[in-house]
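J.: As they're listed, the protein sequences go chains V and C. Take 1 as the starting number for the first sequence in the working numbering and just add one per residue. Take 1001 as the starting number for the second sequence in the working numbering and just add one per residue.
Among the hints, a few may not be true.
Dumping the calculated DMTMM-like pairs for lysine to aspartate or glutamate here, alpha-carbon to alpha-carbon at most 20 Å [stated by the list, open to error]:
#: 1; chain 1: C; residue 1: LYS1107; chain 2: V; residue 2: GLU315
#: 2; chain 1: V; residue 1: LYS260; chain 2: C; residue 2: GLU1065
#: 3; chain 1: V; residue 1: LYS280; chain 2: V; residue 2: GLU309
#: 4; chain 1: C; residue 1: LYS1096; chain 2: V; residue 2: GLU69
#: 5; chain 1: V; residue 1: LYS164; chain 2: C; residue 2: GLU1125
#: 6; chain 1: C; residue 1: LYS1051; chain 2: C; residue 2: GLU1040
#: 7; chain 1: V; residue 1: LYS79; chain 2: V; residue 2: GLU69
#: 8; chain 1: V; residue 1: LYS260; chain 2: V; residue 2: ASP378
#: 9; chain 1: V; residue 1: LYS165; chain 2: C; residue 2: GLU1125
#: 10; chain 1: C; residue 1: LYS1048; chain 2: C; residue 2: GLU1068
#: 11; chain 1: C; residue 1: LYS1132; chain 2: V; residue 2: ASP255
#: 12; chain 1: V; residue 1: LYS230; chain 2: V; residue 2: ASP48
#: 13; chain 1: C; residue 1: LYS1144; chain 2: C; residue 2: GLU1064
#: 14; chain 1: V; residue 1: LYS361; chain 2: V; residue 2: GLU309
#: 15; chain 1: V; residue 1: LYS276; chain 2: V; residue 2: GLU263
#: 16; chain 1: V; residue 1: LYS80; chain 2: V; residue 2: GLU45
#: 17; chain 1: C; residue 1: LYS1107; chain 2: V; residue 2: ASP247
#: 18; chain 1: V; residue 1: LYS164; chain 2: V; residue 2: GLU194
#: 19; chain 1: V; residue 1: LYS307; chain 2: V; residue 2: GLU263
#: 20; chain 1: C; residue 1: LYS1099; chain 2: V; residue 2: GLU29
#: 21; chain 1: V; residue 1: LYS164; chain 2: V; residue 2: ASP195
#: 22; chain 1: C; residue 1: LYS1051; chain 2: C; residue 2: GLU1065
#: 23; chain 1: C; residue 1: LYS1144; chain 2: V; residue 2: ASP135
#: 24; chain 1: C; residue 1: LYS1107; chain 2: V; residue 2: ASP255
#: 25; chain 1: C; residue 1: LYS1051; chain 2: C; residue 2: ASP1075
#: 26; chain 1: C; residue 1: LYS1154; chain 2: C; residue 2: GLU1121
#: 27; chain 1: C; residue 1: LYS1109; chain 2: V; residue 2: ASP255
#: 28; chain 1: V; residue 1: LYS365; chain 2: V; residue 2: GLU315
#: 29; chain 1: C; residue 1: LYS1079; chain 2: C; residue 2: ASP1149
#: 30; chain 1: V; residue 1: LYS260; chain 2: C; residue 2: GLU1068
Examples of chain C residues toward chain V, derived with CB under 10 Å [unchecked claim]:
#: 31; residue: TYR1056
#: 32; residue: THR1081
#: 33; residue: THR1084
#: 34; residue: PHE1085
#: 35; residue: THR1146
These are calculated hints, taken from the structure and not from any lab test. A quick note: this is a predicted structure, and the numbers were derived from the prediction, not measured. Cβ atoms here follow ideal geometry from the backbone N, Cα and C, with glycine treated the same way.
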Amino acid sequence: MEMFGKRRVAVIGAGMTLFRRNLKETGKELCWEAAKMALDQAGLELKDIEAVVMGTAPDAFDGVHMKGEYLADGAGARKKPYMRVFVGGGTGVFTPIAGWWHVASGMFDTCLVVAEEKMSSCFPHPAYAFHTIFDPIMARPLGVTLIWIFALEMHRYMHVHGIKKEQIARVAVKNKQNALDHPCAQLPQKITVEDVLNSEVLCWPVQRLDISPTSDGAAVAVLAAEHVAKQLTDNPVWIDGVGWCIDSTYWTNRDLYYPKYVECAARMAYKMAGIKNPPKEIDVAEVYDPFDYKELHHMEGLMLCRKGEAPRLTEEGVTQRDGDLPINPSGGLLGVGNPIAAAGMMKVCEIFWQLRGEAGKRQVKKDARTGLAQAWGDLMQYGSVIIMRS
Amino acid sequence: MSREISTCPLRLRHYPGHLEPEYAYTLGIAGERFFREIKENARIMGAKCKKCGKIYVPPKLYCEECFEKLEEWVDVGTKGTVYTFTISFLDEHGEKLEKPEIYALIKFKGTYGGIVHRLGEVKPENVRIGMKVQAVFKPLTERKGTINDIAYFKPIME
Ligand SMILES: [Zn+2]
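All chains, full assembly: derive it from the sequences and hints.
T.: Now the structure itself:
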């Protein structure tokens, strides 16, 4: 830590709402509910919070421009230093990174990190809200959809390593099964590889059960400087490494089979946390899984295994909760749900609960001391990584 | 083609009633030339960086790595290779398409980047990664200076 000349920062409380296709609560109410829960766990009141960082994805979902401003009161930001960060799907893990530097820099002793998404406002389906994220000249005139650009990436990944759909489907089976133990989960299910392979083909090779749902939800963490954290809890969880990176704006200019930007973000975080051998030193990881193949893709980008090796580890059960390298014990986006920014933040909350031994039925079998959360976003080229230690 | 936005306030007009917000996107400096070549000459051009040698397809005004201005334009031909593809059953509203559409990322030899487009004159089950394809342009009179001036790419023997 010394080489960065920054203060050590701890997570001391976390909270989240149910993740559902369509929740009655407004986005503000969701923020408040999760924030209240996180403050209660931290043993703090709103007046103890010195700054608030908000993470929320495209305004088009909620249908409110300047969503950061709109959500501010629910996030507890009234009359406090406040900012919104937004890096697409990477927002959920980037938001606590922004919260981290608020505290690590010495500017604030406490910071509330709030992530929210309410995708159900967009009718008839949030898919169309994605339309204006694409290049208006080269992509939109072709009728581009979000799913087909992922399908292009998934297909290239399968092609380069000779990966079969059955192998990828195991990720969906595992995560939806894990989600059965998550009290907030939207899509906990006991399904089989055959169910995935027989589900509706959307954009081959992507099928219905390869994808996470659209969701409403919020997730929140309370961050504190070391001296504050030590007064409040015997079990602080330290943020020991952070990293983020963006690759070329043009996805035609990237390899597609390997997420180099995730590797760059991971290297930054590992260096800061002093991690030399990620598969040995990371005890549990929440990697971004909006699609089942992305869990595998990201494990490789995070250097938790070699390129093309993630499907085999999954088949061998290494990534199960009782395996050597548990991946997405929460149930991930595939099982718990995908309210974009809140989904990434949920992963940070899960690592916090896992490292405190508070994950209940989701608790991984091994004694987890070091955990990782990662998200991915913008147009398939943004990586955000956080390393936490108990 | 790309710079029709008025900057003179005297020429602005006021319309009473309800107007849907619309956006008019400019093609950009490099884009305008790229689409002029497609529209007028049925040519696909790239732009070469004199510093690193990368040939950008589609062409850009600058190199994203060196940050140099790209001034050398090269004809990259109309033939490329399928780098990856998908068979889409849904339109952009999430509605079922009448018949599935094949979209591919097509790379051009010796260049950086590529073009995403439809494939035609081929059944979905016959498409392969690595397949050689060629651009099929709409007739000159139907071309408007958009990416859809290329109707699709079709497989070729090589
Ligand atoms: Zn260059």
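J.: Determine which of the earlier numbered hints do not hold for this structure and return their numbers in increasing order.
T.: 1, 4, 6, 13, 14, 20, 30, 32
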